[in-house]
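Participant: Two chains, each in its own frame: build the complex with the hints.
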Amino acid sequence: MIRCEHLCKVYHGVPAVDDLCLEVPEGEVFGLLGPNGAGKSTTILMLTGLIEPTSGACYIDDLEVATHPIEVKKKIGYMPEDVGFYPTLTAEENLEYSAKLYGMGKERKERIKELLALVGLEGVTKEVGGFSKGMRQRLGIAKALINHPKAIILDEPTANLDPQGVADYRRIIRHVADQGTTVLVSSHILSEVSKVCTSAGILAHGKLVAHGTWDELARIGGDEKVVIHIETRTPMPDLQSPALVAAEFAENRHRARIVATVDIRDELADTLAEAGVAIRSLEAEHPDIEDVFLSYYHTTEEAA
Amino acid sequence: MRTEGLRVIAAKEFRDHVRSRRFHILLAIFLIIAVVGLIDGSIQYNQQIEEYNENLAQVSDDEMMPSYFGWKPSILSAFFKMSMLITTVGVVLGCAMGFDLISREKESKSLKILLSHPIYRDEVINGKALGGIAAIALAMAIVLAISFAIILIFGIVPNLDESIRILLFGGLSFLLIFSYFAIALFMSTVAKDSSNALIYTLIIFIILSTLIPSFATNESVMEIVVGEHPEPPGMDKFSAVDIIAVSEPVGDQAEPSEVDLAWEEYGEKADAYWEKRNAFTDAVNLLSPSHNYQEMAMAVTNPQLAVAFQSNSFNDPYDEPPESGLAVLGDLMGELAKNILALFVIPAAFFGLAWIRFMREDIR
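Chains H and X are the protein sequences, given in the same order.
Every position in the first sequence, counted from 1, becomes a number in the numbering used here once 1158 is added.
Every position in the second sequence, counted from 1, becomes a number in the numbering used here once 25 is added.
Bound-form chain X, shown alone (with noise of 0.2 Å):
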């Protein structure tokens, strides 16, 4: 049977964060960035959606084809902006509220004096978990209210897929952040001292929002990983009129030159390369909860553009614009789909690794 206290623990605990001074100057920096950019937002949309307006008029007057220089303009894009701000300022918010839950308990020496009450271990774990989800969740609903507010302030209202997609947003900045929570949570469990506990943390922080992005796109790294770039195939191999007979075939009955197998070959090689190359980033990205956030956050706020992206046609300006939306949106769920668990299953591990390491603490 459970006792009262993972409720009066996490009570406590959402207490102590919302009365501390350090969540106080983070979420007021916080604030004030996403204000700041949301007003720079709000105007540039209002310009953006003018210019589009005045397009679309030329457009239905010049029956000109659709192209991704024609979407229309969304408020989301400010958003996305914000999604920068939240990748540093609210990943040490979600730090800064972690780092020391337990190793605070053990230097104030209040850990023995709060496990002699009646209570199960693992309820201060998990209270203390409770009490930084709930700030964490409350400093995100007062961004959103905020952002909401600014938005409605500079004449737009968002429609019910804007704002299911803000909403949405504000749940992946929630995960972000409570990722790094659990991070820090976990150090506070490990470190003697607070001290060392916010240094691991950084530690892992940088780790996992630079060093693995950048590892994963490292080419010496390719190059151990998957191998060399296939070379094409050399142009001293072959003559002028080679050349001439791959970009003019004679006939649909002409048999393959030596150069289109040699060129088919290479095809095929480069596109085994590129897929393997691919694989072997996207499966390194997926540790870092930054990268899994930036990559969703595009998707929700600009879904258009993480189509674009994903199907690599963004640069062929005659495809059809993919529709705005959720319904875009629901198309890229299949492809973003291990970003979407790695996002859940980060914090998850990092939590469980605090849970085990904090019920076999050695208290003496």
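One chain only, chain H, in its complex shape (with noise of 0.2 Å):
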């Protein structure tokens, strides 16, 4: 439903996105991560056909956003992340000039009802600029949805809700990929991502880093990675291994944490029965989703 091929934007002779390609099949919710200015926001204008790319192309459906911008606009819905509307018209009235943009006959009223229910917006009659940014959050939302579209992006949809408008936003979204609308989600808050999508991308320098399912980004992340926590009953003698990365040692080196580049849990009991100390526990730490993620911007940003 969504594909980058080869997505590259340059801004003064620095590159905000850098060869992406990505592809987020249909009915898939899709997370784009990423640290600020890793290129996140800059994508989605490109794919929702406000900007035009340096060189590459996106894709909606199968058409190419730079040379059908409407019919593209008219399949997707989008919210951006600083969402803002007329200060001076209603919910309804924002809603309703939305939809006549579409081009949306007599069954926007019925949508636009619909809708501000759903966003839990109806029977607000006061003014957007009278609005929390919350509210306008909900209201982003049900802009991103008035057209039936086939795909919604969403630019840090969560980054103005309270727990409960939090909490309404992944309800929403459920229900519309429920119904098979592609989503695509862009933040910045890993645990968000998480907690609606089914898969990611990381994002870091304009580049895509990693994407599949969050099992395959936590095994692709760890696997670089091992820590071992080691308790045992008498000192430890120092430990040498080619995987062994750091060795820190607490309690009279009565305890230790282990990072290697592998699992080297049997090569240290062999080790430390040789040296005659017993074991009172040996673990290896299953790596943090955070950590995950955060290895991957480091490891980028170390490249760059």
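Because the hints were derived from the structure by calculation, they are not lab data.
Model, not experiment: these values are computed from the prediction.
Backbone N, C-alpha and C define an ideal beta-carbon position, used for all residues, glycine too.
Be a bit skeptical, because a hint or two may be false.
Here are the computed lysine to aspartate or glutamate pairs in the EDC-like style, where the Cα-Cα straight-line distance is at most 20 Å [claimed, not checked]:
1. H:K1291 with X:E256
2. X:K106 with X:D186
3. X:K294 with X:E256
4. X:K37 with H:E1250
Across the chosen pairs, the derived CB separations fall in these ranges [to be verified]:
5. X:N221 with H:T1371: 48 to 58 Å
6. X:A297 with H:V1168: 57 to 67 Å
7. H:A1275 with X:I189: 50 to 60 Å
8. H:I1228 with X:D387: 12 to 22 Å
9. H:D1240 with X:S220: 13 to 23 Å
10. H:G1287 with X:I167: 20 to 30 Å
11. H:V1403 with X:R385: 44 to 54 Å
12. H:E1229 with X:V182: 17 to 27 Å
13. X:I57 with H:P1321: 49 to 59 Å
14. X:I388 with H:R1332: 22 to 32 Å
Facilitator: See below:
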């Protein structure tokens, strides 16, 4: 449904998006993760036809965005990070204007009513100028859905939401996904993306450094280093292994935190047994998903 | 293929303008001043028409030569006074309606949302301009309708000639307000926020309405551009006899004296100087929509006076007074063609610049 082929965007000689290749199948809820300045918003602006790529191409439902912007915009719903509406109009009037711009006929009244109920803004008659950021964000989601899009693209959708708003947002995304709509969510908040997305891509310095399902990402990211915690009854000697990256001892060498490139628990157990040290516990730490993603970012930063 | 966007955006902009407090306040001020001016003008007109009728009776009795003092008064003179108001309040209305059209979208972050709809970018700026034009046209229509109503209340029924000229006056006023609306719209695309856009618009307004006309007639500027005024022949060079000779030539065969030749040469130089100077003043003034409007407004509301200015015969009381009405206006069109053209070209140029700037706007 959403495809990027060698997508590049250069601003004043600096690549904001660099040779991005990405594919999001139909019906998938895909998270585009990355720190601030990674190129997420620029990618989204190209996908929504608001800016043109410097090179490469992106496609929505097999239509190239740069050459068919109007057709593409009819198929997608978009909510920018800094979502803005006309402050002197009500939520209903803002959606009405949006629906007219999509060329919707009389059916728009029913759709607006339905969406306002979905985002919890039904019966709100005050002008949008008096809305909180969270209310605007909710209205932004409603606007993104007004035209029954085949794909919706949300840029930092939970940035201004309170806990109730976040819960509502998750409910709405699940509801939309259940109807077969493809969803692309951009965020730098991993926990948010992980709760609604079935797969994700990680952007850093404009490049896609990893992508896949959560398990795939954790496995690939976690393969690089293993943390092993050891507790012994007697002090440990110095530990040697080609895979050993770092060893930190504590409590009179009764405890150690070992960082290795591979799981060397067996090797460590043998070494300690040979040294006559009784082991109380020997555990490999499962990589924390946040650490895994940070490692992706850091790896790219080091490479850069 | 175009989309529905243009119509939808224009309709929304028009609704926004006519619902805005800013528009209501400025239109109200505009109307109050126009109404007061027209009431005053109507009273004066009724007095003048009485005096004119009395004079006319005397003229026919005395067989006095017609003179400019015998011009028939016209209710259009009240509209000429209104043109002064339009160069201030009307212009402010135009600026106020355009200065934040694009910058407000940027500030409220709604531009990105707007452009994410299936519409072409030019439909946004064209729609905004159309909405503004429609609101300005509505304002002018209200002012003209109320003006007609007031003069009718005072028992003044404009004839066809006058009615057409009143409508032309409305059209000209619309063009002036639209000129400043287009300038403000351009500033709105250039400036980062509405306050800067307003400041830039006011600067341009001051330049076009005040600085350019004063620059065009400034003596120091004239000296640099067209040089010094030629000096008349020095009086000390000639004797009293020479001067008498100039004033009293002896016979048809008399050879022109040195004084004659000197004055003739001076006359030619002075004519060339004034021609150059007027050409420069006219050219610079063309850049000022306010000046072009005033020239045109005078031609439409008081064509006799405009002809007198154009032919420089105002001071000659024995010339035939120019005919009144559209015929005179038609004669003036040749002279004022450049002003009419400028009244169209300036808003078109600024709208073109706004269009280009908006089409190249970086959305991030």
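Participant: 49 to 59 Å was suggested as the range; check whether the CB atoms of I57 (chain X) and P1321 (chain H) agree with it.
Facilitator: holds (54 Å)
Participant: Can you let me know if the beta-carbon spacing of I388 (chain X) and R1332 (chain H) is within 22 to 32 Å?
Facilitator: Given about 31 Å between the Cβ atoms, the range holds.
Participant: Do the Cβ positions of G1287 (chain H) and I167 (chain X) conform to the proposed distance bound of 20 to 30 Å?
Facilitator: Once the Cβ atoms are compared, 28 Å apart, the range 20 to 30 Å for I167 (chain X) and G1287 (chain H) holds.
Participant: Given the hint that K37 (chain X) pairs with E1250 (chain H), does the C-alpha gap stay at or below 20 Å?
Facilitator: holds (14 Å)
Participant: Sort out whether E256 (chain X) lies within 20 Å of K294 (chain X), counting only the CA atoms.
Facilitator: holds (9 Å)
Participant: Could one say that the CB atoms of D1240 (chain H) and S220 (chain X) fall in the range 13 to 23 Å?
Facilitator: holds (20 Å)
Participant: For the pair supplied as a hint, K106 (chain X) and D186 (chain X), is the alpha-carbon distance within the 20 Å limit?
Facilitator: holds (19 Å)
Participant: Given the hint that K1291 (chain H) pairs with E256 (chain X), does the C-alpha gap stay at or below 20 Å?
Facilitator: This hinted pair is violated, its Cα atoms lying about 75 Å apart.
Participant: A range of 48 to 58 Å was offered for this pair. Does it hold for the Cβ distance of N221 (chain X) and T1371 (chain H)?
Facilitator: holds (49 Å)
Participant: Using the beta carbons of V1403 (chain H) and R385 (chain X), state whether their distance is inside 44 to 54 Å or not.
Facilitator: Since V1403 (chain H) and R385 (chain X) have Cβ atoms about 52 Å apart, the given range 44 to 54 Å holds.
Participant: Range first: 57 to 67 Å. Now tell me if the beta carbons of A297 (chain X) and V1168 (chain H) are that far apart.
Facilitator: With Cβ atoms ~59 Å apart, the hint holds.
Participant: Per the hint of 12 to 22 Å, is the separation of the Cβ atoms of I1228 (chain H) and D387 (chain X) within bounds?
Facilitator: This hint holds: roughly 20 Å between Cβ atoms.
Consistency with the previously given hints fails for numbers 1 and 12, ordered from lowest to highest.
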